[in-house]
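Q: Line by line, the protein sequences are chains A and B. As numbered in the numbering used here, the first sequence has no gaps in its residue numbers, which increase by one up to the final residue, 345. As numbered in the numbering used here, the second sequence has no gaps in its residue numbers, which increase by one up to the final residue, 619.
By construction, these hints were calculated from the structure, which means they are not laboratory data. Accuracy of the hints is not assured; some may be wrong.
Straight line, CA to CA, 20 angstroms or less: simulated DMTMM-like cross-link-like pairs of lysine to aspartate or glutamate [stated by the list, open to error]: (1) A:K137 / A:D228; (2) A:K137 / A:E204; (3) A:K326 / A:D304; (4) B:K615 / B:D461; (5) A:K137 / B:E419; (6) A:K326 / B:E419.
Bear in mind that the values here come from a model prediction, so they are computed numbers and not experimental data.
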Amino acid sequence: MNRKLAALIAAAVVLVLLIVPNLGLTGYMVRLLAIIFLWIGKTGCWNMVAGYTGYIDFGAVGYFGIGSYVTALLMAKAQVPFLVSILIGGIVSGLIAIPIGLPTLRLKGAYFGIATLAFAEAMKQIILEFDKTAGVNFFDGPHGITLPMGPGNLFFYYLGLVVMLAVVGITYWIERSKFGYGLRAIREAEHAAELSGVDTLKAKIGAYVLSAFFLGVIGGIEAYWLTYITPHMVFDVLITIQMVVMALLGGIGTLFGPVVGAAFLTIIYEVLHRDFQYTYAIIVGFIVVVVVILMPKGIVGTLNTKLGKHRVKQAQ
Amino acid sequence: MQLFIQSLITGILLGGVYAAYSAGFSLIFGVMGVVNIFHGELVMLGAFVTYWMFTLLKIDPFLTIPFSLVSMFVFGFLVQRYVINRVVEAPPMISYILTFGIHLIIAYSALWVWTADFRTVTTSYSGFNADIGGIIIPYARLATFGLALIVVVGLYILLYKSDVGRAIQATAQDKEVARLMGVKVHRIYAITFGIGAAITGVAGSLIATYFIIYPQMGLPYTIIAFCVVVLGGMGYIPGALWGGLVLGVVQSLTATYLNSGLSGAFSFILLFVMLIVRPAGIVGKGIVE
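Work out the full structure: start from the sequences and follow the hints.
A: Quick look at the structure:
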């Protein structure tokens, strides 16, 4: 597939997604697509760090939650407009990612995963207990915050589409740019990357902050859509886990992996969750086990390898 | 002062239980490099073995321990033998994701079969306490603490004094050389996982005697096991004891003097700081990648 054709297909898909809600798509479908876009966004953020640098972040939901809380506090307590609030939510998330990333991104393997998990859980506990401990009324602890009523699903459809395109676009840029080559060099052999002149800490922090910024923005969007948030909801470790599973299923470290994985799992969830509440989780568990054992590169990764082989044969 | 001593003793007793269920996590990580996300489910399954034997057959919870030991050994052995061994040579990330998949299967199957009800094991002697100069020590917790120590010491002896233990250690140190020396590495992995699961199941049985149990209890236990093992040093078995005691005491003191909800936040902050400042654990003998 040459580049022009790929660009054409991408443009066509975007055009269809822009028009489709006006062609008599049911409210349910609009909502489902918006949910899928937001999951692609979150999974794409996780993939930027984990997929390209190889640092498996188990605390990604921390930034999502920070974005949600900043947005909710600004909108509910200071009447700041929504778009400004989510932008500030993203910036605060990104800024917090710097002091968290600086020490943790020096850790290797499982240690990084555990440290980030600890960060996200600590954030949840602090927001839960802050008011009671400090004797103030700020985060409202487990009672949560109610946001002003938002517009309908169509608004979130377009917003989700924009965020998804931004995340996929940045991932595309990462795949092509020098920054992205640096990240992948870190994943393959960090020490060698450093010896060949990659400023590894700067590159890792760059990817981590970028991912935190978008997670914060998405957190803000979802808070506004839900109109009510509690620490248990927006710092739920299952959100991180879902990102991991979606990325894994689609293909970690690929451009379209998160897109395929998030869309596939969200649809399975919609189909199964209504009738079989627990079987969704059980089936996802089996999918994870089977995918890890049979195709650890995920759907897109496995396809890329197969097509790549084909291409080599043709060249010969 | 009395409050302080009471809180300290409560913390130490709690720490013993933490140590018992974290030792298996440390063993599995130390030997295979597998971060076992479904560790908490092993605790849950052990607890449910005790619960069902107590409820249906009226067997004293402490007498159910051999059953949870054996059944969890078999379970752990089979999971490692048929599932985890397939990816054990792959990058560590793959093993976390795989064990996470198993976590989902076990936790939600249990939820489906046993429902989300909270259950307790209440014996004729639950609630009996020793009162030493105003310091209250519940007997069940004391017995649990004693058994937890036996589990950790027993594991230590098994690893350092038996042939299987030596084979496990050899595999942990250098699996290629161990293989050349005639150790069946994959079999040792299965036995190691079995042992880890067995002692965790025993800890689960002990926990069932005084904590509320329910199918989704697993994940918090996994997270605490992470904390304990990082504090003590990943892969260093006696470290689980140090880590457990420190964490138990810190949690108990924060709950007494600050606020019980904050004890969770404190544990995570402690974990976070510890990883950055001293990833090899308090005594500095953990594995650092």
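Q: Could you run down the list of hints and mark each one as holding or not?
A: Right, here's what the structure says about each hint:
For the given pair, A:K137 sits about 17 angstroms from A:D228 by alpha-carbon distance, which is consistent with the 20 angstroms threshold. Note on A:K137 and A:E204: the hinted pairing is violated, with a Cα-Cα distance of about 23 angstroms set against a maximum of 20 angstroms. Taking the CA atoms of A:K326 and A:D304, the gap is near 31 angstroms; set against the 20 angstroms cutoff, the hint is violated. Among the hinted pairs, B:K615 with B:D461 is inconsistent with the structure: their alpha-carbon atoms are about 38 angstroms apart, more than 20 angstroms.
For the suggested pair A:K137 and B:E419, the alpha carbons sit about 18 angstroms apart, so the restraint of at most 20 angstroms is met. For the proposed pair A:K326 and B:E419, the alpha carbon gap of about 15 angstroms is at most 20 angstroms, so the pair holds.
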